[in-house]
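Taken in order, these protein sequences are the chains called R and Y.
The numbering of the first sequence is our numbering, which starts it at 1 and goes up by one.
The numbering of the second sequence is our numbering, which starts it at 1001 and goes up by one.
None of these hints come from the bench; they were simulated from the model.
Some hints could be false.
[As the list claims (entries may be wrong)] With a straight-line cut-off of 25 Å between C-alpha atoms, the simulated DSS-like cross-links for lysine-lysine are:
hint, chain 1, residue 1, chain 2, residue 2
1, R, K287, Y, K1117
2, Y, K1048, R, K286
3, Y, K1048, R, K90
4, R, K286, R, K75
5, Y, K1048, Y, K1089
6, Y, K1117, R, K268
7, R, K289, Y, K1117
8, R, K286, Y, K1112
9, Y, K1048, R, K287
10, R, K75, R, K287
11, Y, K1070, Y, K1089
12, R, K90, Y, K1089
13, R, K289, Y, K1048
14, Y, K1126, R, K259
15, R, K287, Y, K1112
16, Y, K1112, R, K289
17, R, K65, R, K259
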Amino acid sequence: MNSPAVHDGTLVADSVTTSAGPTASTRTLVQFVFLAALGAVLFNLHGISMHLTPWSQAIVNALVKFTYEQTGQDKTLVVLFREENLATLKESVPISYARHAEVLEALTVYEPAAVFVDFAFIDRRPGQDVTPLSDAICSLRASGVAVYLAASPLSDKAGDGLRDGLDRSCFTPVDVRMDAETGVSGVLTYRACQHPTSCAAPDLLWTPAFAMAAPQVGIGREDAQQMELIWGNRESRLNESWMNCTSDGTLVHLRQMLKENPLASKRKCPHTHTISVLHLLGRFDKKLKDDWVKGRTVFYGGSFEMAGDRVISPVFDDLPGVYLHAMAYDNLLTFGRDYKRAEQHGLSLSRVVNGLLLLFTIVLLLLVDKPPAFARALLGRLGEVSPRLKWATFAVAVGCVLLTAFTRTSLGAILLLVPLLLGVVAVLHLAATHPERPTSARQFLWSGFLGIMILAGALVLFLVVDARYGVEAALLLVVLPGYFIYKALVARDVLFVATTVLLIGAAVVSFLPPINLGPRNIVAYVAFFEVARHVMRHADHAARRYFALRREQPDPASWGVGAGVLRLTDRLFALCIRGDDEEIGHDATARTVA
Amino acid sequence: MTRRLGRWPRAVRVGLVLAAAAALWPGALPAQSNPPQSFNIVGLRTSKVTLYRGCAMDSGVTISREDVEKRRPWPATSDPKTAVYYWVKMDGADYCVKAFAVETDRAVPVAKDEECKSRVAGRPPKTGAVRGVGENCN
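Throw the hints in and build the complete structure from the sequences for me.
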């Protein structure tokens, strides 16, 4: 072959060889690696997930509102020593031992099943005798109530770190350390003990929720893993009877949602049934005893200004710290041994599932958005499967969903995995065999009109649903379906809808037993999907433009670089091209250059 | 003009009468805040209870079920300021007793829950200090 020499001394034939470029499968593989690296950077270093972004968290809150059972709520009560009670009871912070003793005496009268005292008695207090408190704890224990006391979090103190004078045989010390907040969501994890991965060592103190719930739900020290906390947000009749639970109002919600995020407006009343010490210390109330205290587990804590014991939750305005333990206990009673895990046996299963969801998103993006020839050929063959087999598979999928929905199974995740995988295959098959059709002029106008109608309808419905059922319901029942309808009917972005549905399915699967992970940040994955799709489209567009210019100006001199650099550039741009129709263009480039 | 001025004393008189009537109308009177109720203590809900002389927490006297039994019916009154304590007389002195700990011969009405419309969740102001800093340093 006679290769014409160009003026920089290199041969055009070199460029031609390069232009033949990598095959479609190689390009897909490289694109996969690139997107995986991009995802790893965005999710880990930049932290676009921050566990749950406000929108994802708001959706989770809405789902929890309608699905979280009241098993734990019914058995939990917080007794709160409020800032305002100090003046009424002529007390000051720290509360005197005598007053704590009085509260515990009152609890004896109300006969709870267990009491956790969220006050740590660490230092000696001049002029105060601890004996009445110790006696009150012991008489509470003697009346059959299990008593748990907050241990000192100071590591340099041996044992529970509590002061002397307290009879250790009357109570169980518990570790009250709180996990760090996670992004905007607040505190979302709760340890079983001080150690993050294993509580097998018998000298490790349990946390209050685990200490009290473990015997009831059958959790052993070996099974105890860090919990992914689900902040229940059911309404409490007891709380509403005395607290000010009025929300900000519909228009304020809408404004805050648009101006900041949906978590800007949080609930004002806690999920856990609550009374104050004044309710307890006042006239004996038989109804209060029978309906709310007797046989329940009581969390006795304080809410004082400038004391620092507050917990930030994704659902409520900041709460006194005692609610964290109450919520964790509630979770343990509600989910039992299937409580949601942050970690499992030292392995961060959460990270593994996050990684799998990321890879799943990338695969969908690469194979569905613009499927290469090998994927089209492979997935096209699915159409050749006999109709009988298709219907049988569909029936199995529906059966699995029904079985999971209507029975209490510990294999929900495994059962739902079948329809999820079938859904993935169906989406891939449809994408490979039904190419996108161009939009007609009539369709364009109709889509615009439909878009405006959807926006107006969603706005009206949002106001109505928010006023009646709250902002979480409005988000779940109006904003989310509205956006889906917009994407499906106006933007005609079926890939987005399919990906989101499959990601939601995957999140449900990972939530159910035996996987038992906490809620996944679907919004972050969908956001990543959109970002990655835009990056890929821009890269594809740039590569096509590059090769068009290369055809027009094949001479390396006109690019201002040497032939070697241009060859490398050819390879790099060739990797950016998606699908396989570019093979023709590529060959054409080669021919033109030749 | 003179006739118009002549009407003033009558208008003032009518106004005064109306004002007096309004002032005497029961609804216009300031609501009495939980007036003290009288009742009897007939037993204890706990094995013993501490009475506080003058309601001072540092001057407690512990009495048993038997002591109450000897005194029953033991006249007591509610505290108009709080529902947490009742007042009793013992050996000529005034003591307060924990309301939850005693059984009474009739239900003592609570005029209004002292905690009505309280806020439990909320964002406290951010401060750069801890409660009690600098107190009793010496």
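25 Å limit on alpha-carbon distance, applied to hinted pair R:K90 and Y:K1089: holds, 22 Å
Pairwise hint evaluation, Y:K1089 against Y:K1070, where the allowed Cα distance is 25 Å at most: Holds, at about 14 Å.
Proposed proximity, Y:K1117 with R:K289 (alpha carbon, max 25 Å): holds, 22 Å
Agreement of R:K75 and R:K287 with the hint, judged by alpha carbon distance not exceeding 25 Å: holds, 16 Å
Hinted pair R:K286 and R:K75, Cα distance within 25 Å: holds, 17 Å
Y:K1048 paired with R:K286 [C-alpha distance capped at 25 Å]: This hinted pair holds, its Cα atoms lying about 20 Å apart.
Pair hint outcome, R:K289 versus Y:K1048 [Cα-Cα no greater than 25 Å]: holds, 20 Å
Distance restraint between Y:K1117 and R:K268, which requires alpha-carbon spacing of 25 Å or less: holds, 11 Å
Distance restraint between Y:K1126 and R:K259, which requires alpha-carbon spacing of 25 Å or less: holds, 23 Å
Hint consistency between R:K65 and R:K259 [alpha-carbon to alpha-carbon, up to 25 Å]: With a Cα-Cα distance of about 24 Å, the restraint between R:K65 and R:K259 holds, given a limit of 25 Å.
Restraint check for Y:K1048 with R:K287, where alpha carbons must lie at most 25 Å apart: holds, 23 Å
Restraint check for R:K286 with Y:K1112, where alpha carbons must lie at most 25 Å apart: At roughly 17 Å apart (the allowed maximum being 25 Å), Y:K1112 and R:K286 satisfy the hint.
Of the numbered hints stated above, none is contradicted by the structure.
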